[in-house]
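*Asks:* Next come the chains, spelled out residue by residue.
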Amino acid sequence: MNIERLVTMANDIAAFFASEPDPDAAADQVANHLRKFWEPRMRAEIRGSLEQGGNGLSPLARRGVERL
Amino acid sequence: MTVTVWVSRDAGALALGADKTAQKLLAAASAAGTAIKLRRNGSRGLYWLEPLVEVECAAGRIAYGPVSDRDVPGLLEKGLLIGTAHPLRLGPIEEHPWFTSQQRLTFARVGRIDPLDLDDYLTQGGFTGLRRALDIGPAATVKEVVESGLRGRGGAAFPTGIKWQTVLKQPAGQRYIACNADEGDSGTFSDRMLMEGDPFSVIEGMIIAGAAVGATRGYIYLRVEYPHALRVMTAAIAAARKAGYLGADVCGSGLAFDIDLRLGAGAYICGEETSMLESLEGRRGEIRVRPPLPAEKGLFGAPTVVNNVVTLATVPVVLAGGAAAYREFGQAKSRGTIPLQLAGNVLRGGLIERAFGITVRELLYDYGGGSASGRPIRAVQIGGPLGAYLPESQFDTPLEYEALAAIGAMLGHGGVVAFDDTVDMLAMAKYAMEFCAIESCGKCTPCRIGSVRGAEALSNIARGIEPESNLALVEELCDTMLQASLCGLGGMAPYPVLSAMKHFKEDFGKRTNGS
Amino acid sequence: MYAIDHKDLGTPAAASGESVTLDIDGSTVTVPVGTSVMRAAALAGGQIPKLCATDSLKAFGSCRLCLVEIEGRKGFPASCTTEVAAGMKVRTQSARLQKLRRGVVELYVSDHPLDCDECPANGHCELQDAAEELGVEGSRYANGGATQRGVAQDASNPYFVFNPDLCIVCSRCVRACDEVQGTLALTIEGRGFDSRVSASQHQPFLESECVSCGACVEACPTAALTEKLPLSLGAPTEAVSTTCGYCGVGCSLKAEVKEETVVRMVPNRAGTANNGHACVKGRFAFGYATHADRVRSPMIRKRITDPWREVSWEEAFAYTAAEFKRIRKKYGPDSVGGITSSRCTNEETFLVQKLVRAALGTNNVDTCARVCHSATGYGLKHTLGESAGTQAFTSVNNADVIVLIGANPTDGHPVFASQLKRRLRQGAKLIVLDPRAIDLVRTPHIEAVAHLPLRPGTNVAVMNALSHVIVTEGLANDAYAEARCEVDTYRKWKAFVADPRNSPESTEAISGVPAALVRKAARIYAAGPNSAIYYGLGVTEHSQGTTMVMAIANIAMATGNLGREGVGVSPLRGQNNVQGSCDMGSFPHEFSGYRHVSDAATRSLFEGAWNAKLASEPGLRIPNMFEAALDGSFRGLYIQGEDFVQSDPNTNHVVAALSAMECVVVQDLFLIETARYAHVFLPGSTFLEKDGTFTNAERRISRVRKVMEPLAGLADWEITMRLAQALGYPMHYSHPSEIMDEIARLTPTFRGVNYEKLERLGSIQWPCNDAAPEGTPTMHVDSFVRGKGKFYVTEYVATSERSTSRFPLLLTTGRVLYQYNVGTQTRRTSNLAWQSEDRLEIHPDDAEDRGIANGDWVGVTSRAGDTVMRAVVSRRMTPGVVYTTFHFPESGVNLVTTENSDWATNCPEYKVTAVEVVRVGHPEAWQERIRAERSAQRSPAMPSA
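First to last, the protein sequences are chains A, B and C.
Numbered by the working numbering, the letters in the first sequence go through residues 1 to 68 in order.
Numbered by the working numbering, the letters in the second sequence go through residues 69 to 583 in order.
Numbered by the working numbering, the letters in the third sequence go through residues 584 to 1528 in order.
Hints were generated in silico from the structure; no laboratory data involved.
Yeah, the Cβ is synthetic: ideal placement off N, Cα and C, and Gly gets one too.
Please note that a few of the clues may not be correct.
[Unchecked claim] Below, simulated DSS-like cross-link-like pairs (lysine-lysine); rule was C-alpha separation at most 30 Å, straight line: (1) C:LYS1075 / A:LYS36; (2) B:LYS211 / C:LYS657; (3) C:LYS672 / C:LYS682; (4) C:LYS682 / B:LYS365; (5) C:LYS641 / B:LYS237; (6) B:LYS573 / C:LYS682; (7) C:LYS908 / C:LYS885; (8) C:LYS657 / B:LYS237; (9) C:LYS657 / B:LYS365; (10) C:LYS590 / A:LYS36; (11) A:LYS36 / C:LYS1077; (12) B:LYS401 / C:LYS657; (13) A:LYS36 / C:LYS1196; (14) C:LYS682 / B:LYS570; (15) C:LYS672 / B:LYS365; (16) C:LYS672 / B:LYS237; (17) A:LYS36 / C:LYS912; (18) C:LYS657 / B:LYS570; (19) C:LYS964 / C:LYS1196; (20) A:LYS36 / C:LYS1371.
[What the hints assert, rightly or not] If you want the ones that stay clear, here's a sample from chain A, every Cβ over 10 Å from chain C, calculated: (21) ASP12; (22) PRO23; (23) PRO40; (24) GLN52; (25) ASN55; (26) GLY56; (27) ARG62; (28) ARG67.
Excised from the complex, chain A in its bound form:
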């Protein structure tokens, strides 16, 4: 899968949940969204990308992906 596209999508999701003041809760919400709506392949790819440095992931997206 095109990892750049996945990173953009993860960042878009994180941007919505960024208004949550509790950083922990925000990361949970991002992770939860990914779990509910991303097919396992996509989750695996974004996790894989994170393991290789997570280039381009916003801080909140990164924290969310970390919790997958």
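We have chain A; now place chains B and C onto it with these hints.
*Replies:* Positioned in the frame of chain A, the structure of chains B and C alone reads:
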């Protein structure tokens, strides 16, 4: 000393040369080095004497007439400005026998005042009706109008107060006053004379109506054929607004009322109240089905008082003098006065305001002086182009609603048109159908198609084509139109036709081609 | 002429709940207060002659045939305009009445042709009926009288003809245009005998303001206005009730048939979604169903470069099943998937997702709603608790303030627009949020109190500013919100929107909407008392589509505008069954009734019913499928009724993905653009060829009924069933009603739905279950479906798609009245007479800067691609914004749109693409080719990646 001279600005007077006379007066006086103050009034309604010139002098307000511009230099020379005797001198016009026998209530000020001079209006009793209405409040005002017995002078003769009551008791919300100034009946001119001669009385009537039923807005629907009335009414509305009679706070009462003037576009049918409302709303002038009555759902769907100009201008009279005083005039169910408009083939046409009850004959001969042609008067049509034709045998009928209804006629808006013995009553019957065909809005079938077929059948009778069967067909058609038409246009067009066929049978007999 | 099986009652039903009893011709009749005497007589089984009355129009009282006698009343009142009264005694027949009625009919026929045998209305003409009943055989009025006859016919409209000679000036057509359609295109010109029907300023119908809804044709009592098709095919003999296959309004129609051929389509006056109205598409544009381009045999090919080979159904199923099995075996179950169609029935949609989940063993199922209203589902589910609009269409009749956001109902949802216009003309206030001045902003007797011409992509900023005004000016309904919503989320939301960064003054720079206008609109919305929001794809097709849906729900909750008639949040759905396809479990993460696949209880319910092991992880969404196809992990796709290549964004990307796959199965009516990349083509069936149900935008489930046999032999549900069987999964239904029974068993919100009940009630709005056995017109009445309403903080996040010096304009997309979606159907009808190409609308200032004149060819370029189309210079546009539609493949609009999508649902950001527009000499060669091939449609011509 500057002498005040009155020359009418009424459209009828202007048609007879009043402007030329007035200009000549100014020019000639100036040339003679005499200062005159020219004032323009409405017409007194003695049209055979127009242009009428009135001079305020020591002897009072002395009238001369008819004064053409050519008469002016001579008259001036002879001492017009001091009221000198002259063949054209009429004396004070209010002492003229044609005038003294009248009972001018609604037209009391017309011809006496400068129509746009608010002070004139006030000094002659203007706005006393309004002040009283504001004092006694809506319910009492409506009660006064009910008790006065005033009925709609536009033609339908519906009790005005009852109509107001209906509007008053509608659920709260926007209401309107609509003044019907689409005076379209042939031979009528009382609305015009009032608007040109005493516009504030119409305005005052509308304000009283507004205050009585809780309307904050009034509309005047004026026929486009009345440019002079348009100018006067427009100026009068502006003056009334400026003086605080119209606007957000009428006379400090806290009530709001204002008036919009809208012009018709030349359709007779828009004088019918529901078509008028359609036209006011910007739609095609077409009949609305009743119910709902305009008093329930009228202009823009809101409860609306629709009254004729004369009716509204009479309201201040009722309020100022009280219902009882107004009721004193007239008889039976026709209370108050009626401005009759005498026209057609008569010697002296004009406006006669009198209590209901004068006979047709009195009107034609005492006021009209018989026919202008000098021939016997054979027929009169009362109440406009849809009114019945009366033969001589019915001339003793009193001019009041029920008496006329009893002989299948109607008073309508008070127009009376006379014809001498040269009239072809078959042609008049055909004309009635043609008028209906031309003025039909086209909504309902009996009127839209029936009027055309009626005129065709009558034309065939005139040409001698199957006269018997066509006469029978016309009678049947008249029944269809009378019973089935949606409004009074198609529903009343048979009246002149049937009355002509009934009273002037001889004109419908066998004819030679082409007559 | 109204539907052949319609018994006309003359005047509309009265709304009153009270009734009165009266006497008509000696029988006692009880009817609602406000009923006309005419209707009462008809309800009692009688029939008063009439010509100007029909029960879809207000009584007019012009023909004067329906006169009656009423005891105690003068004269002969018209029964159409006379309301019943208690104790009234009416006589509808008497010698006197006969005579008057005969007199009137004789006048009509004095200027009407009497050669009825030659007339297309023969046998269905109301004048003929009246004349026969009254014994009028001709007119005694002499020949040679005035006539209005001899005026030429107007056949300019492709679907109907106007013959003035047959016109009786009853005004039914004019009133239908005013009252039913609300376009006011027709008038009576002239007066009296010269009165005649005229389209606009005495123009041919096609050139006039007429939108060809056909209401006038249906209203005509004679053959003055007649459909053309029955003129050539003959009169229909049977009427079958069904539901329109076009937009999400879901009009109830009657297909009038002659020997299995539809000759006329007439709206069902008993239809609750449309109240007897239809539009140019639903009423007239059904010719595609029998178009020569319809594919009538299955076809297969090994490679997409091979020619198609016609095969038997058996071979097609066997081949497809073998391919899917092969791919699954080689790449695993998640290498295949399926797409359900929002144009197919609920039952068919349900079967496709069942096939994917149960027979293919994967959750890789998605639907075309992905690209339109997926954000609605997510946004409303999370805030209110249900993925659907909250109201019935009729709710608008109680709305005082109507807010239209990113929707253009007069083009997209014309029949609802008519209802909307009626309400606006009664005085409801209109607020429009749209970059374009859509028709409703100013149309006869309607003017929006506020039009907020926002910059594309700034919806959320504007909505936050509206909320800011409501909260900071104390206009919110705290009592409602705190009682019915989660108080903590409400307060958090209030604090958020109250922040100065969300004030209209701050957002003005972002949205371009003057602060004062935002404040005005907010105050009007808050003042209500009944404020309703209607929205379209201008809300959802954005990178913040879901955020915007939530923001809409927020403002409605905060002002108490939910849970009763006249208020609500109503998405206007694009296609006939978008709501239904979503309800049926078409999304990869949920089963029917919006239950997540990870929910063990739900899954075990389905596993038990379907006798299959079901996956617990969400599957791929459409754009994800393309990505997976490009990296080789997704190889087989079964597509029911969707044309990705034309409708999905970034065509080059889509084409590349499809070209990389091993087995693409397209099930459709025509060889659509996507079929160019398919290996199997399964010829589908139109809505006329099958039984089933559609669910419209108001959650209304309505029956679709078969009026002709499927051209290729199988209905779509049968194709899916046979494919499942070929895959070795047993699927056996003898009728779609059995599929609905299964849906009802497995879906709580559909528990009470069955065909017998649909037959009885006409239609049902879900939820329909024990709690609401006859359905639910208004949702969230006493409490929200999710319990307490939940507010979400909706921070504005600018789209990454923004105008730059290279791409200085923003392109947004929409649709026109005469074409539908990708045009597969409407392009194959005479609707082309009005619109035969997509055009680019551009503001005069932007056009002038670029030397572009009306009608010039212009190149449109974005970072994704480019295309060429013709320009229309229009003041509807805001400077800086250009607009086009996507109905024609040769316009290639989606070559330009990008892969950007909604954060939550991946709904594409169709509404914002940064572009540059330049004047060019001519279209591209491939465009010319498609245009030329339009009627053939048989050879590949799209650019490959």
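*Asks:* Is the straight-line distance between the alpha-carbon of B:LYS573 and that of C:LYS682 30 Å or less?
*Replies:* holds (25 Å)
*Asks:* Report holds if the minimum CB distance from A:ARG62 to chain C is greater than 10 Å, and violated otherwise.
*Replies:* Consistent with the label, A:ARG62 stays out of reach of chain C, its closest Cβ about 16 Å off (over 10 Å).
*Asks:* Taking C-beta pairs only, is A:GLN52 more than 10 Å away from all of chain C?
*Replies:* holds (16 Å)
*Asks:* Hinted pair, alpha-carbon criterion (30 Å max): A:LYS36, C:LYS912. Please report holds or violated.
*Replies:* Distance ~27 Å between A:LYS36 and C:LYS912 Cα, so the pair holds.
*Asks:* Taking 10 Å as the cut and beta carbons as the points, is A:ASN55 off the interface with chain C?
*Replies:* Consistent with the label, A:ASN55 stays out of reach of chain C, its closest Cβ about 17 Å off (over 10 Å).
*Asks:* Check the hint pairing C:LYS964 with C:LYS1196 against an upper bound of 30 Å on the C-alpha distance.
*Replies:* Roughly 27 Å between the alpha carbons, so the hint for C:LYS964 and C:LYS1196 holds.
*Asks:* A:LYS36 and C:LYS1371 were given as a pair; does the straight-line alpha-carbon distance stay at or below 30 Å?
*Replies:* holds (22 Å)
*Asks:* Going straight from one Cα to the other, do C:LYS908 and C:LYS885 come out at no more than 30 Å?
*Replies:* holds (16 Å)
*Asks:* Measure nothing beyond the straight line between the CA atoms of B:LYS401 and C:LYS657; if it is 30 Å or shorter, mark the hint as holding.
*Replies:* holds (21 Å)
*Asks:* Given the proposed pairing of C:LYS657 with B:LYS237, does the C-alpha separation stay at or below 30 Å?
*Replies:* Holds, because 26 Å separates the two Cα atoms, which is no more than 30 Å.
*Asks:* For the pair supplied as a hint, C:LYS682 and B:LYS365, is the alpha-carbon distance within the 30 Å limit?
*Replies:* violated (33 Å)
*Asks:* Would the least Cβ to Cβ distance between A:ASP12 and chain C come out above 10 Å?
*Replies:* About 4 Å separates A:ASP12 from the closest Cβ of chain C, which leaves it inside 10 Å; violated.
When each numbered hint is compared with the structure, violations occur for hints 4, 10, 21, 23.
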